[in-house]
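Chains as they are written, first to last, in the working numbering: chain A, 26 to 620; chain B, 25 to 379.
It should be emphasised that the hints constitute simulated quantities derived from the structure, not laboratory data.
Any given hint could be a false lead.
[Said to hold, decoys possible] Residues on chain B that point at chain A, a partial pick, calculated with CB under 10 Å:
#1 A60
#2 D114
#3 P170
#4 Y226
#5 D343
#6 P345
[Unchecked claim] In the DSBU-like style, the derived pairs of lysine-lysine whose C-alpha atoms are separated by at most 35 Å in a straight line are:
#7 B:K77 x A:K211
#8 B:K83 x A:K159
#9 B:K127 x A:K180
#10 A:K159 x B:K77
#11 A:K238 x B:K83
#12 B:K284 x A:K180
#13 B:K83 x A:K508
#14 A:K238 x B:K77
#15 B:K122 x A:K508
#16 A:K504 x B:K83
#17 B:K109 x A:K180
#18 B:K77 x A:K552
#19 A:K254 x A:K597
#20 A:K159 x B:K127
#21 A:K180 x A:K352
All C-beta atoms, glycine included, are put in the ideal place defined by N, C-alpha and C.
Chain by chain, the residues run as shown.
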Amino acid sequence: MSLTLALALALAFLAAGCGQPLNPGAKPGEMVYYSEGGDIKGFDPVKASDVDTALQVCKIYEGLLEYDYLYRPYRLVPNLAESLPEVSADGLTYTFRIKKGIYFQDDPCFPGGKGREVTAEDFIYSFKRTMDAKNVSTGSWVFAGHVLGVDEWAKASEDLARPTDYARPIPGFEAPDRYTLRIRLKAPYPQLLWTLTMQYSFATPREAVEYYKGDFINHPVGTGPYRLKSWRRNYRMEFERNPTYHDARYPSVGEPRDREKGLLDDAGKRLPFIDRIILYEVREYYTWWQMFLRGQIYSVGISKDYFNKVINQDLELTPEMARRGIKLYKEPQMDVFYIGFNWEDPVVGGGKTPDEAERHRKLRQAIACAIHQKQLSEFYNGRVIPASGPITPGIAGYNPNKPYPWRFDLDKARRLLAEAGYPGGKDARTGQRLRLALDMGGAGDAEARQMGQMFVEFLRAIGIDMSINFSLQPEHWRKLERKETQMFTSGWVMDYPDAQNVLQLWYGPNESPGVNHCNYRNPEFDKLYERILTMQDTPERAQLYEQMADMMIADCPCAFLHHRLIYALMQKFVANFKPHDFPYANMKFYKVLKH
Amino acid sequence: MTAYIIRRLFTVIPITLGVLLLVFVIYRVIGGDPAARLAGKNATPQKIEQIRKQFGYDKPRFFNWGAAFAPLATPARQWWEVTFKDVIGDKPGWNDWKEATLKCQPLAVFDSQFWHLVRRFAQLDFGRSLQSNQRISTMIAEGVVPSLCVTTPIFVIELSVAIALALLCAYYRNTWIDRTFVVISIVAMSISGLVYIMLGQYFFAFSLGWFPVWGFEGPAYVALPVAIGVVAGLGGSLRFYRTIMLDEMYQDYVRTAFAKGCSQREVLFKHVLKNALIPILTNVVVAIPFLYTGALLLESFFGIPGLGRMTVDAIYTGDEPVLFAMVFIGSVIFVIANLITDLCYTWADPRIRLQ
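With the rest of the complex left out, here is chain B (with noise of 0.2 Å):
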């Protein structure tokens, strides 16, 4: 077990690698340097051209070749020139060769913009916001407690009340209450997060004052957006384990319980759930990692101050370093949140062994 969750662990490296890059070349590659937009708006091509070169916009992004195999290029120049442009002199000899070449420094190959976000992350050293100039860790560390307020009640509350009513579906499967729950759940889905927000907040908190309109001040400010968002998610988690249930109150155990003169509640809780728990877990722990980043409408119209609205907002503005760390720590939380989730299998289902 303890080999196999080492090995898991080291998953973490290739596949946030591979993250950095993709997001890497979105906006370096194909969104290109943003020096011109930190100069500012009167800015000289002159001054876009020393911001490139003091943040280092200027190296190659991937590998810095010419840094790495410089002192080769005068042979080989030289090589190139006698053989295919009958210049008069003599070639590169073998010592002019090994001389270049233990001048190299293979390592400068590394001294590009994309191994320099790896080396930085790998310490953990997340950098500065381009917009703010603030530290992403000290932001990130502000807005992830108040996004955790709203995301895991939510959440919790959320699957609590999806899972029993699904067992109650799957209970008074095909009659006029499953019916019902169906028939809402199809409607709630039906309609955008948005207009649950909006409608929320104008009766709930401007109409009715019943709760403040913004702020995070206290468990009350937070109580209307994660109302919100429950609803708002009710509909397909309903829809979801309800089929989970129902899948499973056809199979043979189901029946052979119910002929054992097992009752109703005893199959449903002692049986049933516990034998969908392994589908009902990989979409528990997987919706974890995204718990962090934070709901990101609830946030920006209750004014909760947390990494959705920082993410958005560093979207909308091309802060990439804070981009960068978001989407590093996403996809560590990611993996770990899988690991956590195989392990969660062994003990859901004794049948698992891990290997």
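The following block holds chain A by itself, in its conformation from the complex (with noise of 0.2 Å):
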């Protein structure tokens, strides 16, 4: 008896549990997108610093400028702003008229809880908050010694004493009238339009900073096409349509394949076209695939251990995928992967006299010569392709006609080993054989452990005993932030398609704890670095481009490992998806096929 009644109450308890689909479906005439979401930390543009928070918050704010979609190589298009700006002759004011009926979402922020028209005085206000120094921005670069005052202003917030005084001008943001927006530089900048692009420069209203406080964070208010219906930390969140959004229309114009893959039917229709996004914060990449085909969310990405399952030899769908409808896209990524030597290490660093650099410089290029990149892209299912420098393909300054001088040849490493006082991996004045560090990332993590085996071997082929130190991510950083490490793996994703972003890393000023983690100094490389900051995108900067790059290369403060290709799969009813390096506010372009 007890044991049925305790049956039954089991199944109760279910029971009353599946009330609740994880996916309640759409309601008619609806479209909506279901989604992984990754670990979203919150809402405030100008905190948003990783990948998968920067997603969410493009959904709901907005800048001046966006990404032309489907246009490749990558060009801006105007967003909030009515077109691109008028820059003077001397390249130092970028002057932007601002679209007319632009509206915040409704929100009890405002008096009457309706939002109101966006002016230009929003966008130096939130400019100021990316400044703000209490804010502890992590995009404050995006103006950071580049817009007139703006330095000093960010100087004078870091007093913890008093507020921050946001009536106080800042010279190089001007608002001559509620729609024109100046922006004033103490050097030119033509990396300017592209940071415009990124959430550190979209529009927030002050109202909202005020009435939210530090809960702001939690309260998202933009002029986005989305808004922000729920949001269970961890685990799930929703949007809807924003009903106040602008007319933004889909693009025109694209690459000359995208008209027959259907990307162009769309053509001039008003965005966006999903009405409801629901994203889960998925951890677990099992759990994910597993979501993914039984249709619970809509795209994944491919990891190493499923590749095989998913992608044949030909690097095509798996023909049992393929009868899925599932669709594949493969795209290169902006984005650089490397073996960093420590410039200030004693035995594979810059040198101290003019022999010693010499010696070490061909110790790092025989290195940089026995890492088998082939090798490398095997264990990455062919998912990597090789880097042949700081550039990465699809940008101006990368030459696919210039090899690397340091591809794979153990011959090669051999000799300039023994040019560099190690012949055979041993010391020729000790006789003791060669031994170095490798710091990883990743500690526990199996692939990095199975990575870290592989560069042991590759080293042990040219007689170099190497030890892997795994350390997890944020001991890693500091490691490198402090300089304790002797060679080290990193990598680099570009914030926007311009040279520049990358070849920071190897610009002096900027040695750890700044980005250049591997403290590589050179006063010729850091000359032309300053030139470059200043120069427009034209042919002679990406010619400089080049020489900053083949300068590296033949010092050799790193070894070149490759470039992600990315893998992602699409439910067969995801209609007008490209890939993008950039893709955070692309969500408006997509569309949900009836299925």
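Starting from the two chains in their separate frames, assemble the complex, guided by the hints.
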């Protein structure tokens, strides 16, 4: 009797929970997109530093400019600006006309709960928020050192005893009238336009910041295509169409093959297409994959462990996946991964005398020549392409015809090693075998461990003993910041499609704890870097990028490994998807077909 | 008894201080300050320095001797230079020392990173997460219920089933039933928890569709993680409780009870189980503090928005305020759970007196 009762109770308990399915489905005529959302930190544009968070912030907030979704190579088009800015002849003043009739979404922070019109002052306020030291924005680099008066204003905001004075003007940000924004620079800064597509420069209403105060991070109020309906941290997020979204249209121009792919079928139609977006914060790929196959989420990346189950030897979908109608997208990423050498290390560093510098350079080159990029590519199931320098394919400065001089070549590696004073991997003076240490993040990660073992084998082939120090990622960063490594693995994902963004990694004044973790110093390189910083996008600048890349490749402060190829799977009923290196604001272009 | 409880509650202070100190040393002394991570990937050294100042990472870690005794520096330097460096001048007199001493602010010695942390935690102000800038108290409040929704049923079911099976094994000791359970529990213990999770999720949720693959929308969503949690932990628990029960089965009082003609059931439930309560209580109450930390793997695979996931994320991202808060709360709960254990002992065994 008691057993029956217990069973009945258990069944009732389960039945009670079955009433709420994970994907309740769309209402008639409604378009719903289900997705995986990663680890989302909040909705304050000035603090959205990671990809997962930026992707969500860009659904709600917008900036003056955006990427032309279909066009390649990447170019900018106006978003909240009426047109691209007028740039003064000296390249120091950018004047933007802001579209009239753009409204912040309705929110209790506004009088009567009705969103008000966006003006030039909103951009100035938002830029100031990025520069306000109290906000600890990861995006202050966008304006710091470039815009007139911005550094002084930021310095004044460091005073913790007093609230930041937002009424104090910044000479570099002016609003001559309600719809005109003028940005004045200290020196030409052509990258400014790219950075204006980033969340750090998006329009934020002052009312919302002051109304929600410390909780503003959880109450986004933007002009974007969506507004946040609900958010359960670490679990689920729901966005719904912003009813007051401005008249944005699907692009009419793309690459030549876009039309046959159906990517231009919706040209000129009003955005967004999807009514609701539901995001699940799924952490395990194993779960993510099962949810994708069950149709609970509409897109998924392909992890290394699943690659062979999904992709065949021709790097296309396996018949089973193709039968399901799943669509495969592959695209090179704008990033670069490398093994860095600490320039201050007494063995592999820059060296103190010209002779030492030369020997150390040869040692670094020998190590670079021992790295078997093809084997690494196989390890990643072909999901990477060997890097031939710091500049990624597809941007100015990249020369596909220039081979990487330190491509895998064991004979060359041994010769360079001997010239460096280590014939056969042994120190010519002491007869002792050369021992090096490589620091890697991803402690506890099987893939990192396997890769570390491969590096050990690569160097063993030329007679060098190498040990690997694995650390958790925060500890790895800390070691790099404190210059505590000899060699280390690292990478860089581009913030915008301009080689300057990656070349800063080897600019001397950026040494650790800055981004130059190699602590590389080359006055000539630094001089060129300072020069390109103020140059407009011209063939001459592209030539200088190439020259800088050549210079540092010859010095070899790092051994370049690869650029990633991103493989993504999409359900057959998702339309208008085109891979993009900066996809943050692209959800408004996607469409879910009836299925 | 009341005095004993109050005395024990006071031990929370040194224990939590010690635990905080340990975590602080791991993260701030060995691990360094997180200013560079907060500054983001394009940060300049100046920006990092400014953040260091803003968050107080520029203060001394443990004691701020400089702020407390700075006025003494001038007479001390003067005395040193005149005495040992042959600098011409007078040595500071008694009045100089007195004047400088009066200007000292001894309490400023606690104007340091560690003592600021202690002061905040004493006021139950856990601050904000470095990664998400969310209030940590809110994060914990939101995560604790989902965690308990998984860990509490696992704990209760596993405990009940393990004790019941342990009694069964004790009753049928050295028969095939007992041996079968021993073999099964050893096999169960040998398999990684991850295997149970992956197989369970694949077969029962993905292939058969009996349960949801992922989510936290109602009881049905925690049924499979709970079942997996119970199965994964049952082997070890059964072995532990079986050993306790068997120890008791060979005691004189059991033999006496049987000799007096008590039934098997009476001996097992009235005598053996009651006498085995002390080690069971120890094991149970000590396990209770860990319920709040959640079940990391189960939460990760099944989408339970609990504290296990939050804590591990904090470890991987170096979000030390979250870790400090979790460790602090954990240590307080641990001390209280130990106190409850001691109180339960007096209930389970009237011979025990707390002094």
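Going through the hints against the structure:
Among the interface hints, the one on A60 of chain B holds; its C-beta lies about 4 Å from the nearest C-beta in chain A, closer than the 10 Å criterion. A cut of 10 Å between beta carbons decides the hint on D114 of chain B: the least distance to chain A is about 39 Å, and the hint is violated. Proximity of P170 of chain B to chain A holds as hinted, the smallest CB-CB distance being about 8 Å (cut-off 10 Å). Interface restraint check: Y226 of chain B against chain A, minimum CB-CB distance 7 Å, threshold 10 Å, status holds.
This hint holds: D343 of chain B has a C-beta 9 Å from the nearest C-beta of chain A, less than the 10 Å allowed. Residue-level restraint check for P345 of chain B is violated (minimum Cβ-Cβ distance to chain A is 13 Å; threshold 10 Å). For the proposed pair K77 of chain B and K211 of chain A, the alpha carbon gap of about 27 Å is at most 35 Å, so the pair holds. For the hint linking K83 of chain B to K159 of chain A, the alpha-carbon distance of about 18 Å falls within 35 Å, and the restraint holds.
In summary, the hint linking K127 of chain B to K180 of chain A is supported, as the alpha carbons are separated by about 32 Å, within the 35 Å threshold. Distance check on the hinted pair: K159 of chain A and K77 of chain B sit about 11 Å apart at the alpha-carbon level, within 35 Å; holds. Distance check on the hinted pair: K238 of chain A and K83 of chain B sit about 27 Å apart at the alpha-carbon level, within 35 Å; holds. About 88 Å separates the Cα atoms of K284 of chain B and K180 of chain A, which puts this hinted pair outside 35 Å; it is violated.
Straight-line distance between C-alpha atoms of K83 of chain B and K508 of chain A comes to about 22 Å, which keeps the hinted pair within the 35 Å bound. Between K238 of chain A and K77 of chain B the CA atoms are separated by roughly 22 Å; this keeps the pair inside 35 Å, and the hint holds. Restraint check for K122 of chain B and K508 of chain A: not satisfied, since their Cα atoms lie roughly 46 Å apart, outside the 35 Å limit. Between the alpha carbons of K504 of chain A and K83 of chain B the distance comes to roughly 21 Å, so the proposed pair stays at or under 35 Å and holds.
With a C-alpha separation of about 42 Å, the suggested pair K109 of chain B and K180 of chain A falls outside the 35 Å cut-off, and the hint is violated. The straight-line distance between the Cα atoms of K77 of chain B and K552 of chain A is roughly 31 Å, inside the 35 Å bound, and the hint therefore holds. Between K254 of chain A and K597 of chain A the alpha-carbon distance is near 27 Å, which keeps this suggested pair within the 35 Å criterion. Only pairs whose Cα atoms come within 35 Å are accepted, and K159 of chain A paired with K127 of chain B is accepted, the gap being roughly 32 Å.
The suggested pairing of K180 of chain A with K352 of chain A is violated, with an alpha-carbon distance near 51 Å, which exceeds 35 Å.
Figure legend: structure checked against the earlier numbered hints; hints not met, in rising order: 2, 6, 12, 15, 17 and 21.
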